[in-house]
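Each chain, written out:
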Amino acid sequence: MNPRSWQRWPRFVIGVLAVSAAGTAQAQDASRGAQWYLQLPGEVPSCVSCHGPDPTQNRNNILRAANQPATLLRTLNTVGVMGYLRDSLNDAAIADLAAYLARVAVVAAPDAAVALWPSTVEFGSLPVGAASPLHSVWLRNLGGAALDLARPQLLGSGFTLSDDCPASLAPGASCRLALRASTAAAGPSAATLQLGASAAWSPLLLGVSASVVSTAAGQLSANAAQLEFGTLEAGARLTRSITLTSHGTAPVTLGVATLTGPGRGPFQFDGACPPGTVLAPGSQCVLQVTYAPAVAGSAQATLQWRSDGVNPGTVTLDGRATAAAGVVPPPSPAPPPSASPGGGGCTIGPPDQLADVSHAVLLALALAVMVWRRR
Amino acid sequence: MSAVALFVLLLLAPLLEETVFRRGVHAWALRHRGTAARRWWAWPSRVNWLVALLFAAAHLLRLPPVLALAVVVPALVLGQVYEMTGRLWPCVAAHAAFNLVWLGLNASQPA
Chain A
1 MNPRSWQRWP RFVIGVLAVS AAGTAQAQDA SRGAQWYLQL PGEVPSCVSC
51 HGPDPTQNRN NILRAANQPA TLLRTLNTVG VMGYLRDSLN DAAIADLAAY
101 LARVAVVAAP DAAVALWPST VEFGSLPVGA ASPLHSVWLR NLGGAALDLA
151 RPQLLGSGFT LSDDCPASLA PGASCRLALR ASTAAAGPSA ATLQLGASAA
201 WSPLLLGVSA SVVSTAAGQL SANAAQLEFG TLEAGARLTR SITLTSHGTA
251 PVTLGVATLT GPGRGPFQFD GACPPGTVLA PGSQCVLQVT YAPAVAGSAQ
301 ATLQWRSDGV NPGTVTLDGR ATAAAGVVPP PSPAPPPSAS PGGGGCTIGP
351 PDQLADVSHA VLLALALAVM VWRRR
Chain B
376 MSAVALFVLL LLAPLLEETV FRRGVHAWAL RHRGTAARRW WAWPSRVNWL
426 VALLFAAAHL LRLPPVLALA VVVPALVLGQ VYEMTGRLWP CVAAHAAFNL
476 VWLGLNASQP A
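As they're listed, the protein sequences go chains A and B.
Heads up, the first sequence is in my numbering, so the first residue is 1 and it goes up one at a time.
Heads up, the second sequence is in my numbering, so the first residue is 376 and it goes up one at a time.
Mixed in with the good hints, there may be bad ones.
A short list of chain A residues far from chain B (calculated; beta carbon distances all over 10 Å) [stated by the list, open to error]:
#	residue
1	Thr78
2	Asp111
3	Thr160
4	Ala170
5	Ser221
6	Pro281
7	Gly349
8	Pro351
9	Leu365
10	Ala366
11	Ala368
12	Trp372
Ranges between beta-carbon positions, derived for each pair [claimed, not checked]:
#	chain 1	residue 1	chain 2	residue 2	range
13	B	Val476	A	Leu238	39 to 45 Å
14	A	Thr277	B	Ala378	22 to 28 Å
15	A	Ser157	B	Leu475	24 to 30 Å
16	A	Pro251	B	Arg408	49 to 55 Å
17	A	Ala355	B	Trp464	23 to 29 Å
Derived by calculation from the structure, the hints in this document are not laboratory data.
Backbone N, C-alpha and C define an ideal beta-carbon position, used for all residues, glycine too.
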């Protein structure tokens, strides 16, 4: 290496340290970070577009940025597909997001004492004056002691909240919170549902967003708010269907469906409603949801959808399983987050997803190389 | 481990990544900037180091920094294979073999 290059190293190191210090010196507001996760100024695609509506599932390793604004900043600066976010997120917003992800990481940990699901609520694009769908959020005490709860709070406007949560939640017990969006005035709105806080745990945060529009919009609704699978023997499986109907005045394009909740393990879904499906007003698609418990216990999860219209309210999935002898052991633990930091070997893209932008970029580059080499 | 993951790890990723980095970046850099290693046991060439670092940087998309940095070592081996053979297929095979070993190590660890 050229000796002059070595002389530049100290300046480079000082520069990196300065950038890192600047990244961590911002005041952090995790509740605002929960809103940034769902909605950014200028209606550019937010984090939820690539990392999904449930950040506890650690899609694309987002929890690496938990409490690490410098990591998030470096990712925005180096990952090409995230580059556009650099114009929408200033350093304060990056610090907010990192603080929010730190709260998410607490809930995502395998030994978490409390579960809150779904992690985000998106109402989608609601026409002015339309009735808002109901979105349910569940809180469960996974620990061995009673959980003291403060009254849930909505930080922000444009939504209403009701709940049946007691002041003290017994071990294993759940309570439900219900959210509706206000559609009185056009415009985007975002809020944060804050649940907390006893001395033992930091408040849990849940981002809520809606966009009230004055134009025609597609509207999607599900034919049931709950799918009850009853009691099965461990090892058995049962499939039920749920129908999505397009009710609006415009076609609606389906986005991803997501299973969330600590008991989502035994559930899976399949059917004729893949992302990108366009449903004209009046048309339907059917989704098959299968409950296949491997061990005895009860399982509860929710299914939520994204779309370019009014998203359907969350659907609750409920099932119980018994062992062959009829003895019911404790509930099975939640599946661990799919961070898999080193698992999967040496690939630039995710090994378990074929339809990923990194594979597409690599394929395009490989084709370009082959064309270049043939010349 | 799903069939999709096996397909990606053992075929798609080795083929695409080696085409881009060895057939593309490495070949281009050798043509414009440097000389290849002349013996299998020679110290990696400057171009090989440069491409290995780029290769590791690309893995930062999915891996934490420490593991991405660890990718430099197999990348240097792949670069050496490319410089000595001048062919893509041995690199693709070696890359797939690395992933197979990695899979084996992961599978042997308790969940």
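Hints, verified against the model:
1. Thr78: The assertion about A:Thr78 is violated, with a minimum of 7 Å to chain B.
2. Asp111: Nearest chain B Cβ is 15 Å from A:Asp111, so the label holds.
3. Thr160: 40 Å, holds
4. Ala170: 31 Å, holds
5. Ser221: The claim holds: A:Ser221 sits with its nearest Cβ about 32 Å from chain B, beyond 10 Å.
6. Pro281: 35 Å, holds
7. Gly349: 7 Å, violated
8. Pro351: 5 Å, violated
9. Leu365: 5 Å, violated
10. Ala366: Its Cβ does come within 10 Å of chain B, the nearest being 4 Å, so this is violated.
11. Ala368: 8 Å, violated
12. Trp372: 7 Å, violated
13. B:Val476 with A:Leu238: 39 to 45 Å: Holds - the Cβ-Cβ distance for B:Val476 and A:Leu238, about 41 Å, lies within 39 to 45 Å.
14. A:Thr277 with B:Ala378: 22 to 28 Å: 25 Å, holds
15. A:Ser157 with B:Leu475: 24 to 30 Å: 55 Å, violated
16. A:Pro251 with B:Arg408: 49 to 55 Å: 54 Å, holds
17. A:Ala355 with B:Trp464: 23 to 29 Å: 27 Å, holds
When held up to the earlier numbered hints, the structure conflicts with 1, 7, 8, 9, 10, 11, 12, 15 and fits the remainder.
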